[in-house]
Amino acid sequence: MAALSYIASMSGSAVVNAWRHRTMTVITVLIVSLMMTTLGMFLVVENALSVMIASLEEQVNLIIYLEDEAPPSDVLALRQELLDDARTISVEYVTKEQALERLRASFQDEPDLLQPLLDNPLPASLEVRSDDPEFLQSQASALLGNPIVEDIDLAQDVVDNLIRISQVATFLGYALGAGLALVALFVIGSAIRLTVYARRGEIEVLRLMGASDHFIRWPFLLEGVFFGLIGALVSSILVGIAYIWVHELLQQLISFLPVSLDITYLLRLILILALFGIAIGGLGSYLSVRRFLTI
Amino acid sequence: MIVLRNVSKVYDLRVTALDDVTLSIPKGDFVFLVGHNGAGKTTLLSLLVRADQASSGVVLVGGQDLALLKESEVPLLRRRFGIVFQDLKLFPKKTVAENVALAMQVQGCTGKRAHISAADALELVGLQHRASFLPGQISGGEQRKAAIARAIVHRPEIFIADEPTASLPPEAAWEITCLLMEVNRLGITTLVATHDRDVVDGFSRRVVALDNGRIARDVQIGKFMENGVNATT
Numbered sequence: 366m367a368a369l370s371y372i373a374s375m376s377g378s379a380v381v382n383a384w385r386h387r388t389m390t391v392i393t394v395l396i397v398s399l400m401m402t403t404l405g406m407f408l409v410v411e412n413a414l415s416v417m418i419a420s421l422e423e424q425v426n427l428i429i430y431l432e433d434e435a436p437p438s439d440v441l442a443l444r445q446e447l448l449d450d451a452r453t454i455s456v457e458y459v460t461k462e463q464a465l466e467r468l469r470a471s472f473q474d475e476p477d478l479l480q481p482l483l484d485n486p487l488p489a490s491l492e493v494r495s496d497d498p499e500f501l502q503s504q505a506s507a508l509l510g511n512p513i514v515e516d517i518d519l520a521q522d523v524v525d526n527l528i529r530i531s532q533v534a535t536f537l538g539y540a541l542g543a544g545l546a547l548v549a550l551f552v553i554g555s556a557i558r559l560t561v562y563a564r565r566g567e568i569e570v571l572r573l574m575g576a577s578d579h580f581i582r583w584p585f586l587l588e589g590v591f592f593g594l595i596g597a598l599v600s601s602i603l604v605g606i607a608y609i610w611v612h613e614l615l616q617q618l619i620s621f622l623p624v625s626l627d628i629t630y631l632l633r634l635i636l637i638l639a640l641f642g643i644a645i646g647g648l649g650s651y652l653s654v655r656r657f658l659t660i
Numbered sequence: 113m114i115v116l117r118n119v120s121k122v123y124d125l126r127v128t129a130l131d132d133v134t135l136s137i138p139k140g141d142f143v144f145l146v147g148h149n150g151a152g153k154t155t156l157l158s159l160l161v162r163a164d165q166a167s168s169g170v171v172l173v174g175g176q177d178l179a180l181l182k183e184s185e186v187p188l189l190r191r192r193f194g195i196v197f198q199d200l201k202l203f204p205k206k207t208v209a210e211n212v213a214l215a216m217q218v219q220g221c222t223g224k225r226a227h228i229s230a231a232d233a234l235e236l237v238g239l240q241h242r243a244s245f246l247p248g249q250i251s252g253g254e255q256r257k258a259a260i261a262r263a264i265v266h267r268p269e270i271f272i273a274d275e276p277t278a279s280l281p282p283e284a285a286w287e288i289t290c291l292l293m294e295v296n297r298l299g300i301t302t303l304v305a306t307h308d309r310d311v312v313d314g315f316s317r318r319v320v321a322l323d324n325g326r327i328a329r330d331v332q333i334g335k336f337m338e339n340g341v342n343a344t345t
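These protein sequence lines map, in sequence, to chains G and A.
When we follow the numbering used here, the leftmost residue of the first sequence carries the number 366, and every step to the right adds one.
When we follow the numbering used here, the leftmost residue of the second sequence carries the number 113, and every step to the right adds one.
Keep in mind that the hints were calculated from the coordinates and are not lab data.
This one's a predicted model, so the numbers in the text were calculated from it and none came from an experiment.
Among the clues, some could well be false.
[To be verified] In the DMTMM-like style, the derived pairs of lysine to aspartate or glutamate whose C-alpha atoms are separated by at most 25 Å in a straight line are:
no., chain 1, residue 1, chain 2, residue 2
1, A, LYS206, G, GLU567
2, A, LYS182, G, ASP578
3, A, LYS182, G, GLU567
4, A, LYS205, G, ASP578
5, A, LYS201, G, GLU567
6, A, LYS201, A, ASP177
7, A, LYS201, A, GLU254
8, A, LYS224, G, GLU567
9, A, LYS201, A, ASP274
10, A, LYS201, A, GLU287
11, A, LYS201, G, ASP477
12, A, LYS139, A, ASP313
13, A, LYS182, G, GLU569
14, A, LYS206, G, ASP477
15, A, LYS206, G, ASP578
16, A, LYS224, G, ASP578
17, A, LYS201, G, ASP578
18, A, LYS205, G, GLU567
19, G, LYS461, G, ASP477
20, A, LYS205, G, GLU569
[Unchecked claim] Just the calculated beta-carbon pair ranges, DEER-fashion:
no., chain 1, residue 1, chain 2, residue 2, range
21, A, GLY223, G, TYR630, 36 to 46 Å
22, G, GLU569, A, ARG126, 19 to 29 Å
23, A, PRO204, G, LEU547, 31 to 41 Å
24, A, SER184, G, ARG387, 28 to 38 Å
25, G, VAL381, A, ARG309, 39 to 49 Å
26, A, ALA179, G, ALA563, 28 to 38 Å
C-beta atoms are modelled at their ideal positions from N, C-alpha and C, and glycine is treated no differently.
Full structure from sequences and hints, please.
Structure representation (C-alpha cells):
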C-alpha cells in the first residue's frame, strides 16, 4: 500500500513536472510520436505483405497439365504418389470440362471472346499445394520428362518475389526501427537532461533535505515513461488510421485476394507500440539520469 | 548533540575556511553563529550536514562521526536536520503548502499525512492563510516563515538557519527571530548563522563568533552586554 502510494505520488510529480515544462513535453512527445508512427507504418506494411503472401500461398502452387491421352490409371498413380509425400497439402484433379468452366467464369463479362472455341483446347490438370517451395521446385523438374505430363506451371515465382519484398521490408523496418529507437532514446534523454539541468537547484535542495536517490530519480524516470507512453498513444491513433486505410487500398487494388481487417492484429500493434514507448522512455531517461544526475 | 574537535577546512590547499575549531552544542541549545562574510559560518554549517567534509578534525552529530558515514547514510543524517537556506530555496512552482509537504515526502511520508503535517507547520509559523500561494506571491518575511515551516515540519533534531533575517526590516527580523525561539522551545537544537547585530543583541542566548575561520568568542550574550560590547562586534 505504501509502495503504491509512493509510486502514485512519484507519478503525479512526474506528470506535474511534464505539465510545468509543457513546451519541452510537447516537442519531445511530437518527435517520439513521429518516430513511433514511422515504425508502426513499417509494421503495417510488413503485415500487409505477410497477409498477401499467406493468401497467395494458399492458392495453387504447382499445376501439372496432363496429356489428353494420358491413361487414367497413370494419372491416379501420379496423384497418389504426390499425396503420399508428407510435404503435399493437397492434390486436386481438374478435368478438361472444369478447366473450361473456370475459363468461362473468369470471362463471364466478355463471353464473346470464347465463342470461336469449337472444341475444348484446355488440358486436364493436377493442382498441387504445398508449403515447401523446394519440394514443388523438385517435383516440377522431375515431372517435366513424364510422358503423361504436357506442361508444368510453377506459380511460385509471384510468391517468391513477394517473399523477397517482404524480407527486404522487414529488414528495412527493423533497421529503421532500431535507428529510430536510438533517435528516440537521444531525444528523450536530451529532454530529461534539460529538465535535470533546469532543476539542478531543486535537486541540490532535495539532497540537502535528505532525499534518497530514488526519491530524486524516480520522477525523472517516470517523466521519460510518460513521454514514451503519450508518444505511443498518438502514434497508435495514426497507425490505426493508416492500417485501416492500407487495407481498404489493398482490397481495391487486389480484390482477388481475401485481405481482411484484423482487429486482433491492430490491438497487438497498439500494445507493441505502447510497450515500446514505455521501454524507450524509461531507458532514455534512465541513461540520462544515470549520467547527468550524480547523487 | 553537536561536537567539533580541532576541525579545519582548507579549500584548494590554500584557502582556510575553518582553522582548528572546537565547539560543543548540547541537545536543545540555541546558538547564534556570528561573524563577517567569509568568517566560516556557512562552511561550518555545511560540515554538519555532510555537504562538505572536514580536512582534519572530528565532526560528531548525535555521537555519529560524520567522516565514517557511508554515502548511503548521508540522506539519513540530513533528515535529522531542518535547514533554512540563506536564499531560502523555496520551489517557485510549488505552492507554500506543497513546499512544506515536500519535506515530509522526503522523509517517506506521502499523501494526506504529509499535507496535514504541512498545514500544522504553517499554522505554527502563522502562515496557514498563504498555503495555496506560490512563493513569488508572498512577502519576503512570509517566504522566510514558509522556509522555517518546511524546515520544522518533520520535527528535526537540529534546526539550522543561514542568515534568516538578512535584508528584512527590523520588525520582520524580530518576528522571525521570535519564531526561531519558538522552534527551539519545541526541544529542537537550534543553530542560527547571522550578522544581524540587533537580533543577536536582543536575545540573551549563546553566541559563537567566528573570525577568519577561528572561534573568536563563545559566550552568553549577557556577558557581552555586561562588558558593554555587542556580540557581533
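Against the structure, the hints:
1. Simply put, A/LYS206 and G/GLU567 have alpha-carbon atoms about 11 Å apart, close enough for the 25 Å limit, and the pair holds.
2. A threshold of 25 Å between alpha carbons decides the hint, and for A/LYS182 with G/ASP578 the separation of about 14 Å falls inside it, so the pair holds.
3. For the proposed pair A/LYS182 and G/GLU567, the alpha carbon gap of about 23 Å is at most 25 Å, so the pair holds.
4. For the proposed pair A/LYS205 and G/ASP578, the alpha carbon gap of about 22 Å is at most 25 Å, so the pair holds.
5. At roughly 8 Å between alpha-carbon atoms, A/LYS201 and G/GLU567 fall within 25 Å of each other, so this suggested pair holds.
6. A threshold of 25 Å between alpha carbons decides the hint, and for A/LYS201 with A/ASP177 the separation of about 28 Å lies outside it, so the pair is violated.
7. With a CA separation close to 13 Å, the supplied pair A/LYS201 and A/GLU254 stays within the 25 Å bound.
8. Between A/LYS224 and G/GLU567, the direct Cα distance comes to roughly 23 Å. Compliance with the 25 Å bound is thereby established for this hinted pair.
9. Between the alpha carbons of A/LYS201 and A/ASP274 the distance comes to roughly 12 Å, so the proposed pair stays at or under 25 Å and holds.
10. Proposed proximity of A/LYS201 and A/GLU287 is supported: the alpha carbons are some 20 Å apart, at most 25 Å.
11. Restraint check for A/LYS201 and G/ASP477: the C-alpha separation of about 92 Å exceeds 25 Å, so the hint is violated.
12. At most 25 Å may separate the alpha-carbon atoms for a hinted pair to count; A/LYS139 and A/ASP313 meet this at roughly 23 Å.
13. For the proposed pair A/LYS182 and G/GLU569, the alpha carbon gap of about 19 Å is at most 25 Å, so the pair holds.
14. Between A/LYS206 and G/ASP477 the CA atoms are separated by roughly 84 Å; this puts the pair beyond 25 Å, and the hint is violated.
15. For the suggested pair A/LYS206 and G/ASP578, the alpha carbons sit about 21 Å apart, so the restraint of at most 25 Å is met.
16. Using a Cα cut-off of 25 Å, the hinted pair A/LYS224 and G/ASP578 holds, with the two alpha carbons roughly 23 Å apart.
17. At roughly 20 Å between alpha-carbon atoms, A/LYS201 and G/ASP578 fall within 25 Å of each other, so this suggested pair holds.
18. Of the supplied pair hints, the one linking A/LYS205 and G/GLU567 holds, its CA atoms being roughly 11 Å apart against a limit of 25 Å.
19. For the proposed pair G/LYS461 and G/ASP477, the alpha carbon gap of about 20 Å is at most 25 Å, so the pair holds.
20. Restraint check for A/LYS205 and G/GLU569: satisfied, since their Cα atoms lie roughly 16 Å apart, inside the 25 Å limit.
21. One distance hint, 36 to 46 Å for the beta-carbon pair A/GLY223 and G/TYR630, holds here, with the actual separation near 42 Å.
22. Separation of G/GLU569 from A/ARG126 is about 25 Å and conforms to the stated range, judged on CB atoms against 19 to 29 Å.
23. At about 35 Å, the CB distance of A/PRO204 to G/LEU547 agrees with the hint of 31 to 41 Å.
24. Against the hinted window of 28 to 38 Å, the Cβ-Cβ separation of A/SER184 and G/ARG387 comes to about 35 Å, which satisfies the hint.
25. In this structure, G/VAL381 and A/ARG309 meet the distance hint of 39 to 49 Å, their C-beta atoms being roughly 43 Å apart.
26. Hint check: A/ALA179 to G/ALA563, Cβ distance near 34 Å, so the stated range 28 to 38 Å holds.
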